[in-house]
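A.B. asks: Listed below, chain by chain, are the residues.
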Amino acid sequence: MKAIGALITAPERQSPEYLRGHVTREVEKWGRAIKAAGVLID
Amino acid sequence: MRLTVLALSLGLLAGAACGSATAGDWPNRPLTMLYPFTAGSAGDGVGRILANRMAELLGQPVIFENAGGAGGMTGANRVAKAEPDGYLFLLGGTFNVVNQTMYRQPLYNVETDFVPVALLAEQPTVLIARKDLPANNIPELIAYARANSGRMQYGSAGIGSITHLSCMLLTSAIGSDVTHVPYRGGGGALQDLLAGRIDYQCPILTVALPQIQGGTVKPIAVLGKERSPTLPALATAHEQGLEGFDVTNWYGFFLPKDTPAPIVQKLHDVTSRRCRPPPCRRK
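Going down the list, the sequences are from chains A and B.
Take 1 as the starting number for the first sequence in the working numbering and just add one per residue.
Take 1001 as the starting number for the second sequence in the working numbering and just add one per residue.
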């Protein structure tokens, strides 16, 4: 993994519950940025 | 007669139980890990490394399938609409959440059409500039970009790619007018950066590493929240004054919604056993 520049997430961040929250936070973060930039694909 | 009916009913119930996917008998046939991009894309290595070891732990082959198209949307949608039996799962990531907002009519809802299984790995992006750009760090880039407002260009692997969005956020953060030049893939953008036709780009660090190590491009900052062990001397954008700046490409496993909880848990446990940091790093 290191050879391809990937960092394995720590065990406490690997749970399904953590990923659910992560997805929600990422949708919000990218959504805000993309809307601000006006990038929209049909 | 009653005994016959009872026997038939029990037989049907037994058949139904055998046909359903419980964690007890799952998996009893090969699984498919779907990565919705072409071979050689950034997440390919992550998926292939995991698939091999997971097959050993699950006792069944794990087929790694590339299914590219529409920025990952087509392949991911196949998983979203698949039978929730645990045999087809998605190697998803940043693109899932980006597509959610960027497409006018996304084919799925990343928050409700999938069951999350595990957050697997992260790859930072990096800001690299043409070799002869006068700026060597973020403060100098900000000063240079403001002095050359409207005359600079950054390249990307295409509209909506992580390389586009990373640079878009960065350009917004440095508060300057820089033109985006989308290419068909990262290769064209890199060629033009090497030729000095564009000023900077924001690829995944691994992709840029050979050029950085070869001294053909100028690394300016890691765009993740922490420095990369691969380039420990290169400071993050956050360290260089862009407080809280963090663009990290991440990967996770997802199953279709309504997948039985025991299957989700078993896939998570296998992933987790595979992904405890030391063994994964040794691989």
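In short, the hints are calculated from the structure, not lab data.
Treat each hint with caution, since some may be false.
[What the hints assert, rightly or not] Each pair of labels, with its calculated beta carbon distance range:
# : chain 1 : residue 1 : chain 2 : residue 2 : range
1 : A       : G38       : B       : Q1060     : 23 to 31 Å
2 : A       : E12       : B       : P1229     : 13 to 21 Å
3 : B       : R1146     : A       : E17       : 41 to 49 Å
4 : B       : P1229     : A       : R32       : 28 to 36 Å
5 : B       : R1197     : A       : E17       : 41 to 49 Å
6 : A       : K35       : B       : T1112     : 15 to 23 Å
7 : A       : T24       : B       : S1172     : 20 to 28 Å
8 : A       : P11       : B       : N1136     : 35 to 43 Å
9 : B       : G1068     : A       : G21       : 23 to 31 Å
[Claimed, not checked] Mimicking SDA-like on lysine to any residue, the simulated pairs with C-alpha atoms at most 25 Å apart in a straight line are:
#  : chain 1 : residue 1 : chain 2 : residue 2
10 : B       : K1225     : A       : S15
11 : B       : K1266     : A       : E17
12 : A       : K29       : B       : T1236
13 : A       : K29       : B       : N1077
14 : B       : K1131     : B       : K1257
15 : B       : K1266     : B       : N1077
16 : B       : K1257     : A       : V39
17 : A       : K35       : B       : H1180
18 : B       : K1081     : A       : R25
19 : B       : K1257     : B       : E1243
20 : B       : K1218     : B       : R1151
21 : A       : K35       : B       : S1176
22 : B       : K1081     : B       : R1029
23 : B       : K1225     : A       : D42
24 : B       : K1218     : B       : D1132
25 : A       : K35       : B       : R1184
26 : A       : K29       : B       : Q1240
27 : B       : K1131     : B       : K1081
28 : B       : K1257     : B       : Y1103
29 : A       : K29       : B       : I1142
Glycine included, every Cβ here is placed at the ideal spot set by N, Cα and C.
A.B. asks: Taking the hints in turn, state whether each one holds.
C.D. replies: A quick look at each hint next to the structure:
Between G38 of chain A and Q1060 of chain B the CB atoms are about 46 Å apart, so this pair departs from the stated range of 23 to 31 Å. In this structure the hint that E12 of chain A and P1229 of chain B lie 13 to 21 Å apart at CB holds, the actual value being about 19 Å. Checked against the hint of 41 to 49 Å, the pair R1146 of chain B and E17 of chain A passes, with Cβ atoms roughly 44 Å apart. For the pair P1229 of chain B and R32 of chain A, the beta carbons lie near 30 Å from each other, so the given range of 28 to 36 Å is met.
Checked against the hint of 41 to 49 Å, the pair R1197 of chain B and E17 of chain A passes, with Cβ atoms roughly 47 Å apart. Checked against the hint of 15 to 23 Å, the pair K35 of chain A and T1112 of chain B passes, with Cβ atoms roughly 20 Å apart. Separation of T24 of chain A from S1172 of chain B is about 22 Å and conforms to the stated range, judged on CB atoms against 20 to 28 Å. Between P11 of chain A and N1136 of chain B the beta carbon distance is about 38 Å. The supplied range of 35 to 43 Å therefore holds.
Between G1068 of chain B and G21 of chain A the Cβ separation comes to about 29 Å, which falls inside the hinted range of 23 to 31 Å. Proximity of K1225 of chain B to S15 of chain A is assessed by CA-CA distance (about 21 Å); at most 25 Å being required, the pair is judged to hold. A threshold of 25 Å between alpha carbons decides the hint, and for K1266 of chain B with E17 of chain A the separation of about 15 Å falls inside it, so the pair holds. For the hint linking K29 of chain A to T1236 of chain B, the alpha-carbon distance of about 19 Å falls within 25 Å, and the restraint holds.
A C-alpha spacing of about 22 Å is found between K29 of chain A and N1077 of chain B, which places the hinted pair at or below 25 Å, so the restraint holds. Proximity of K1131 of chain B to K1257 of chain B is assessed by CA-CA distance (about 48 Å); at most 25 Å being required, the pair is judged violated. At most 25 Å may separate the alpha-carbon atoms for a hinted pair to count; K1266 of chain B and N1077 of chain B meet this at roughly 23 Å. The hinted pair formed by K1257 of chain B and V39 of chain A fails the criterion: a straight-line CA distance of about 28 Å is larger than 25 Å.
Under the criterion of a C-alpha separation no larger than 25 Å, the hint pairing K35 of chain A with H1180 of chain B is consistent with the structure, at around 16 Å. The suggested pairing of K1081 of chain B with R25 of chain A holds, with an alpha-carbon distance near 24 Å, which does not exceed 25 Å. Distance restraint check for K1257 of chain B and E1243 of chain B: the Cα-Cα separation of roughly 37 Å exceeds the 25 Å cut-off, and the hinted pair is therefore not satisfied. A C-alpha spacing of about 19 Å is found between K1218 of chain B and R1151 of chain B, which places the hinted pair at or below 25 Å, so the restraint holds.
Restraint check: the Cα-Cα separation between K35 of chain A and S1176 of chain B comes to about 18 Å, which is no more than 25 Å; the hinted pair holds. Between K1081 of chain B and R1029 of chain B, the direct Cα distance comes to roughly 20 Å. Compliance with the 25 Å bound is thereby established for this hinted pair. A threshold of 25 Å between alpha carbons decides the hint, and for K1225 of chain B with D42 of chain A the separation of about 32 Å lies outside it, so the pair is violated. A C-alpha spacing of about 8 Å is found between K1218 of chain B and D1132 of chain B, which places the hinted pair at or below 25 Å, so the restraint holds.
Between K35 of chain A and R1184 of chain B the CA atoms are separated by roughly 23 Å; this keeps the pair inside 25 Å, and the hint holds. Simply put, K29 of chain A and Q1240 of chain B have alpha-carbon atoms about 21 Å apart, close enough for the 25 Å limit, and the pair holds. The suggested pairing of K1131 of chain B with K1081 of chain B is violated, with an alpha-carbon distance near 47 Å, which exceeds 25 Å. Distance hint between K1257 of chain B and Y1103 of chain B is fulfilled; the C-alpha atoms sit about 21 Å from each other, no more than 25 Å.
Simply put, K29 of chain A and I1142 of chain B have alpha-carbon atoms about 23 Å apart, close enough for the 25 Å limit, and the pair holds.
When each numbered hint is compared with the structure, violations occur for hints 1, 14, 16, 19, 23 and 27.
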